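Trainee: Listed below are the residues making up each chain.
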Amino acid sequence: MEHIRTPKVENARMINNLTPRKSMVGTLYLSSTHTIFVENTEARKETWVLHSLMSNVERLPTNPSGSPLIIRCKNFHVYRLLIPEEKDCIDVHASLTRLSRPERYGELFCFFYNPNLDKELREKAWGFIDLKAEFSRMGIPRNLWHVTEANHEYRLCDTYPSELFVPKSASPAVIVGSAKFRSRGRLPVLSYFHRDTSASICRSSQPLSGFSARSSDDEQMLMAIMKSNPVSEFMYVVDTRPKLNAMANRAAGKGYENEDHYTNIKLQFTGIENIHVMRNSQQKLIDVGGLAAPSMSDFLWGLENSGWLKHIKAVLDAGVFIAKALSEDGVSVLVHCSDGWDRTAQACSVASVLLDPYYRTIKGLMVLIEKDWVSFGHKFSHRYGHLDGDPKEISPVMDQFLECVWQLKQQFPCAFEFNERFLIQLHTHIYSCQYGNFIGNCQKERRDLKLQERTHSFWPHLWEKRAEYTNPLYRTDHSQTQGVLKPLTTAYCFKFWKGMYGREEKSMGSNQSPADCLNAVREESQQLEEELSTHQERLAQLKEKKAPGERKKPNKLSERVHRPVPNDVELGSPLDYFATTRSERHPPSFTLPLEPAAPSRSGDPDDLLTCSDLESGVADLSSHSSSAGDDAKDSDDLINTDA
Amino acid sequence: MELSEHIKTANVEDVILKQPFHPPLKGTLCITSHHLLFSDRKEESSWQLLLLIRNIDAIEKSVENLFGYPSYTTKASQGKRPVGSSGTITIKCKDLLILQLEIPGMEECLNIASSIEALSTLESVKEMYPFFYRPSHLSLQGPWGLSSTEQYYKQTERLWDSWRVSKVNSDYSVCPSYPCAVIVPREVDDDMVVRAARFRQGGRFPVLSYCHHRNRMVIMRSSQPLTGANRKRCKEDELLLQAVLDGSELGYIVDLRSAQQAQQARMTGGGFESKTCYSHWKRLHRYHERGKMLQESLIKLVEACGDHSHSVDRWLSKLENSKWLSHVHSALSTAGLVAECLERDGHSVLVHGSEGTDSTLLVTSLAQLILDPASRTLSGFLCLLEREWIQAGHPFQQRCAHSAYSHARLKQECPSFLLLLDCTWQLWRQFPLALEFSEALLLRLAQEVYASEYGTFLCNSEQERCALGVKQNTHCLFQSLLRSGNGEQYLNPLYERTELAIWPSVHPQSLQLWTGLFLRWTEYAQNIVEAREELWSIVKEHRESAGLERNYYTLSTHCEPLTPFENLMDELTIL
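Chains as they are written, first to last, in our numbering: chain A, 1 to 643; chain B, 1001 to 1575.
Since the hints were made in silico from the structure, they are not lab data. Every value quoted in this text rests on a predicted model; they were computed, and no experiment measured them. Take these hints with a grain of salt, some might be off.
Unchecked claim - Derived DMTMM-like pairs: lysine to aspartate or glutamate, alpha-carbon spacing no greater than 25 angstroms straight-line:
hint: 1; chain 1: A; residue 1: Lys409; chain 2: B; residue 2: Glu1534
hint: 2; chain 1: A; residue 1: Lys486; chain 2: B; residue 2: Glu1523
hint: 3; chain 1: A; residue 1: Lys324; chain 2: B; residue 2: Glu1499
hint: 4; chain 1: A; residue 1: Lys486; chain 2: B; residue 2: Asp1307
hint: 5; chain 1: A; residue 1: Lys495; chain 2: B; residue 2: Glu1530
hint: 6; chain 1: A; residue 1: Lys324; chain 2: B; residue 2: Glu1530
hint: 7; chain 1: A; residue 1: Lys87; chain 2: A; residue 2: Glu10
hint: 8; chain 1: A; residue 1: Lys132; chain 2: A; residue 2: Glu120
hint: 9; chain 1: A; residue 1: Lys8; chain 2: A; residue 2: Glu120
hint: 10; chain 1: A; residue 1: Lys310; chain 2: B; residue 2: Asp1307
hint: 11; chain 1: A; residue 1: Lys324; chain 2: B; residue 2: Asp1307
hint: 12; chain 1: A; residue 1: Lys409; chain 2: B; residue 2: Glu1499
hint: 13; chain 1: A; residue 1: Lys495; chain 2: A; residue 2: Asp287
hint: 14; chain 1: A; residue 1: Lys486; chain 2: B; residue 2: Glu1534
hint: 15; chain 1: B; residue 1: Lys1540; chain 2: B; residue 2: Glu1464
hint: 16; chain 1: A; residue 1: Lys450; chain 2: A; residue 2: Glu153
hint: 17; chain 1: A; residue 1: Lys495; chain 2: B; residue 2: Glu1488
hint: 18; chain 1: A; residue 1: Lys8; chain 2: A; residue 2: Glu42
hint: 19; chain 1: B; residue 1: Lys1300; chain 2: A; residue 2: Asp260
hint: 20; chain 1: A; residue 1: Lys284; chain 2: A; residue 2: Glu153
hint: 21; chain 1: A; residue 1: Lys495; chain 2: B; residue 2: Asp1307
hint: 22; chain 1: A; residue 1: Lys284; chain 2: A; residue 2: Asp260
hint: 23; chain 1: B; residue 1: Lys1318; chain 2: A; residue 2: Asp287
hint: 24; chain 1: A; residue 1: Lys495; chain 2: B; residue 2: Glu1533
hint: 25; chain 1: A; residue 1: Lys227; chain 2: A; residue 2: Asp260
hint: 26; chain 1: A; residue 1: Lys22; chain 2: B; residue 2: Glu1499
hint: 27; chain 1: A; residue 1: Lys409; chain 2: B; residue 2: Glu1533
hint: 28; chain 1: B; residue 1: Lys1318; chain 2: A; residue 2: Asp317
hint: 29; chain 1: A; residue 1: Lys486; chain 2: B; residue 2: Asp1313
hint: 30; chain 1: A; residue 1: Lys495; chain 2: B; residue 2: Asp1313
hint: 31; chain 1: A; residue 1: Lys409; chain 2: A; residue 2: Glu393
hint: 32; chain 1: B; residue 1: Lys1018; chain 2: B; residue 2: Glu1002
hint: 33; chain 1: B; residue 1: Lys1292; chain 2: A; residue 2: Asp298
Unchecked claim - Pairwise CB distance ranges, derived in the manner of DEER restraints:
hint: 34; chain 1: A; residue 1: Asp118; chain 2: B; residue 2: Ser1309; range: 58 to 64 angstroms
hint: 35; chain 1: B; residue 1: Val1529; chain 2: A; residue 2: Gln536; range: 38 to 44 angstroms
hint: 36; chain 1: B; residue 1: Ser1311; chain 2: A; residue 2: Phe112; range: 57 to 63 angstroms
hint: 37; chain 1: B; residue 1: Thr1028; chain 2: A; residue 2: Arg475; range: 39 to 45 angstroms
hint: 38; chain 1: B; residue 1: Thr1088; chain 2: A; residue 2: Lys284; range: 41 to 47 angstroms
hint: 39; chain 1: B; residue 1: His1213; chain 2: A; residue 2: Ser31; range: 46 to 52 angstroms
hint: 40; chain 1: B; residue 1: Gln1263; chain 2: A; residue 2: Gly499; range: 40 to 46 angstroms
Glycine included, every Cβ here is placed at the ideal spot set by N, Cα and C.
Use the sequences and the hints to build the structure in full.
Mentor: Below, the structure is given as structure tokens:
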């Protein structure tokens, strides 16, 4: 609370950048966790923005209409405010800048967030995803792989989970020796076992090979991994870095496996760039998504220049290579990058999604993230800037994984149980710090923070609302759902993820969503069936009784999902086509209406044609799904509600 | 010269056919006057491939002469053809399909290639396949087309007060590219129309294109006025446009050229409506690419889509460089502007470019799709195409003579109609519930416009169609599309009629490459087709489970089966 300099600003204006006439006047409130904007309208519409989701708060020079403040969020929402008094704006800016950059873990929202769950339920919730069960689901043969005790109390590697699957043939000495030869002790361990071919994905960090060093333990470890796949004669080592980067690491005493020292390995580089390249690339992409009125060329050029889709393709290509090695060649793969917690996690999890239909379900993707990312020490706090720290540690590693899944979804619309909203929700909460799951940088750190006792788990919450996140086209027996996915990675398959990066544009809600429509149809017909059966039951009961029944009128019908049939509103919001098509080819006097029809509207010439009284509403079909959960105090709404 | 004289070799055995999604097939290739047939030798009854030769845009042949190499095939040793020589013909179709034929025998290969070349570039309309297509289930009797100007007028009550049908063009002498009947303001007589027509390029005087159902404001279309260098005026043209305004204060003229281009047009006899002469009309210029540039844009795009080895950067740069999406962008923006003038501003609009036969029609028809729910139904859309493209005199024969692969020198080719289909697809993608027809319809039209069994897209105008007896001697595509036999493939399962305008987003990130067309023959598009089938089956399944009868096409009718339940409930409360 001590950071809030001004708790309330009246007559602030929330600017709608695309349709300025839709800007709203209201009151701005600052709480310790959220900034809330309440419109001065009948509806008192509220917009909540979580402080820990703010990535950057910018104050622009004061102009005659007020002091502009731009809040950019980590989930790419942008809020533009106009504050009447400069002094207030300075205060709000200073408060938010401090509030959005917590310095200690104790300040994070997850330690204050309280969804009124009793202790028992909270503990149970933390057990919702069970990695032991997941490894046994994979069908790992007990005679070839086992859990080693070597990392008990994180003795061997403090960024790994305490339970590790290693080849049974690897002796404790080999395990310890191999860990010593790997950067930060991240030795090769099992990540995924492919039952169909007995091939496996293992992961590690780079070897400390330098120019000539070798470790017989590490060599034996790889041999043991290869032997755990009885039929194959060699294994792949996939170094996900560009070869040049890997070579440069040799000078620092690290590097990659020397094919002469290790028997029967094939080394493959997949050329995924490092976190710094990715961070810069994403920033350029965000800028492209935020362009106010770009021409088609500006947009495509910006997209190309950002290089983002090229990087997404590199990650997907790495996943495809691994998946192909396992499924078609039956060859095991060891994946590593430098530290083995960024690119390695990306490559392993993309490959797993391709290989195993289970990871394409709602629960399966949760399990996969828990396994490949959370437990194997992906540095959530650093990468997603949970605490004020080194900005060079921040990088959209997880964003890229989620986008790979989204790109695959575009190519195989029936293969995934979840919808786009699910991926976006995941993305938001990886950044939000509302739940304890994605706090800290490794398992040990989370244990030390006692997160399970002090915070709530995200997964059960997401699972409860799975109806909202279901892809209506998913069917377990569909041909796309079965077996290994073999995506094309031709350049034209990669698209700009509008739902993620074009949110400002999307918030106009001009689009109808067929998936929502289908979901509504499904729900509706299910409800009809349910109603029919309850009515039949009641009818039967009443007939038996033959007595005047209690007048308990089943009121279910009124709760039925109503498909909004818009009447006096328009579908989509008409843009200012006058403005958006302005081109520099000809003088503006030809492109603008010359004499304003209504002289009172002197301000904005672009607004000229939009002065009709017909306030355009938006037929947003996404309202279907929200009718499912009536509780307005839903925890998600605490993030940012536009209800 | 008889068609059959072009055919030097009619039959070749042991040809290998390679096509997308199929393993190579060995079989017999036949060539007839209008078709290329390929049949797998095993099942002679069913053709593996039946390709209209008209659909072939370009062929590439390469002949290998392998004299001196021992021959293993018994066929070749019979001495009918030079031992061991063979050739490959790559066929690139106007619908963007690419096929490969491996033909044993160099001479056969060259013969086939030259026959295809000759037959695919026939210019005589009378010799084209629609004049020979006589399926047993169709009859040539009965009306051709869906509607006429008169019928449209009769059905549109809001026109009756201020508008009339003029038959001034009944012998096509006033405007050769207009149909014989057009709709003009009631207070303008035919003499005035004739004089106004002389003031417009090609005689395309302003006629009614659409009358808005909400406020009776109209979209007119015409060609450019012939003001010329010395700023000629035409009183009748001015009066005609004044009559369109019908007392309201202001109308907009959307000129589909840049202001500079419009100025330059005066040097060659054309021009624009000056502010002094047309004081109640406000002119807006929106530049639209036309003709050769648009065709080249298509060629570049198809080329970019065809090369699968591009890196992402190269692909994006090629996509940008083709400018195709920029054309989609400007077409939708201008259509949105026209619609906005009518719906939100309440003013009438006149649209024209130079000739008024290409981008003009593109803009007026898109604006109608945005505004008019009637044009978003399957039959309404086909009527719109018939009215605004076929009857309005879009020169299909010239524009669609070649598609993206042709090496022939460009003459009058221009993919305006394809651009319309693409823009319609963008609307369909942004408003998946608002259009009654499916993507399959748009794809079918994209194919038919270049090569068809039907006569609908033949010729350049109604006059030509009349002279050649197209309506008497060919079948009509639109009627065939509407016939029930096509079932649901051209219908959108999610269709739900809305009376509202559908305002497309023209933000570049909202516009996408039409994968269904441009990447049609890739696996990528196949998966999406599967998804669409899945969608259909879900809708059907749930219609059934909700106890709906099969013929309900809109989902909003889900409310209807409630009535029995409500009745049941009433009973319960009475009990």
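Trainee: Does each hint fit the structure? Answer for all of them.
Mentor: Evaluation of the provided hints:
1. Lys409(A) x Glu1534(B): holds (15 angstroms)
2. Lys486(A) x Glu1523(B): holds (10 angstroms)
3. Lys324(A) x Glu1499(B): Roughly 51 angstroms separates the two Cα atoms, so the pair is violated.
4. Lys486(A) x Asp1307(B): holds (20 angstroms)
5. Lys495(A) x Glu1530(B): Roughly 20 angstroms between the alpha carbons, so the hint for Lys495(A) and Glu1530(B) holds.
6. Lys324(A) x Glu1530(B): holds (24 angstroms)
7. Lys87(A) x Glu10(A): Roughly 13 angstroms separates the two Cα atoms, so the pair holds.
8. Lys132(A) x Glu120(A): Holds: Lys132(A) and Glu120(A) sit about 21 angstroms apart, inside 25 angstroms.
9. Lys8(A) x Glu120(A): violated (38 angstroms)
10. Lys310(A) x Asp1307(B): holds (17 angstroms)
11. Lys324(A) x Asp1307(B): Holds. Lys324(A) to Asp1307(B) sits at ~24 angstroms (cutoff 25 angstroms).
12. Lys409(A) x Glu1499(B): Given pair Lys409(A), Glu1499(B) is violated - Cα atoms ~33 angstroms apart, limit 25 angstroms.
13. Lys495(A) x Asp287(A): holds (16 angstroms)
14. Lys486(A) x Glu1534(B): Between Lys486(A) and Glu1534(B) the Cα gap is close to 20 angstroms, so the pair holds against 25 angstroms.
15. Lys1540(B) x Glu1464(B): It is violated: about 45 angstroms lies between the C-alpha atoms, which goes past 25 angstroms.
16. Lys450(A) x Glu153(A): Holds, at roughly 15 angstroms.
17. Lys495(A) x Glu1488(B): violated (30 angstroms)
18. Lys8(A) x Glu42(A): holds (20 angstroms)
19. Lys1300(B) x Asp260(A): Violated, at about 48 angstroms.
20. Lys284(A) x Glu153(A): The hint is violated at about 42 angstroms.
21. Lys495(A) x Asp1307(B): The hint holds at about 17 angstroms.
22. Lys284(A) x Asp260(A): Given pair Lys284(A), Asp260(A) is violated - Cα atoms ~42 angstroms apart, limit 25 angstroms.
23. Lys1318(B) x Asp287(A): Roughly 22 angstroms separates the two Cα atoms, so the pair holds.
24. Lys495(A) x Glu1533(B): Cα-Cα ~23 angstroms, so holds.
25. Lys227(A) x Asp260(A): holds (18 angstroms)
26. Lys22(A) x Glu1499(B): Since the Cα atoms of Lys22(A) and Glu1499(B) sit roughly 24 angstroms apart, the hinted pair holds (cutoff 25 angstroms).
27. Lys409(A) x Glu1533(B): holds (16 angstroms)
28. Lys1318(B) x Asp317(A): It holds: about 22 angstroms lies between the C-alpha atoms, which stays within 25 angstroms.
29. Lys486(A) x Asp1313(B): Distance ~23 angstroms between Lys486(A) and Asp1313(B) Cα, so the pair holds.
30. Lys495(A) x Asp1313(B): holds (12 angstroms)
31. Lys409(A) x Glu393(A): violated (29 angstroms)
32. Lys1018(B) x Glu1002(B): violated (31 angstroms)
33. Lys1292(B) x Asp298(A): holds (24 angstroms)
34. Asp118(A) x Ser1309(B): 58 to 64 angstroms: holds (60 angstroms)
35. Val1529(B) x Gln536(A): 38 to 44 angstroms: holds (41 angstroms)
36. Ser1311(B) x Phe112(A): 57 to 63 angstroms: violated (47 angstroms)
37. Thr1028(B) x Arg475(A): 39 to 45 angstroms: holds (41 angstroms)
38. Thr1088(B) x Lys284(A): 41 to 47 angstroms: Since the Cβ atoms of Thr1088(B) and Lys284(A) sit about 45 angstroms apart, the hinted range of 41 to 47 angstroms holds.
39. His1213(B) x Ser31(A): 46 to 52 angstroms: At roughly 50 angstroms between Cβ atoms, Ser31(A) and His1213(B) fall inside 46 to 52 angstroms, so the hint holds.
40. Gln1263(B) x Gly499(A): 40 to 46 angstroms: Between Gln1263(B) and Gly499(A), where Cβ atoms are some 44 angstroms apart, the hint holds.
The structure is inconsistent with the numbered hints 3, 9, 12, 15, 17, 19, 20, 22, 31, 32, 36, although it conforms to all the rest.
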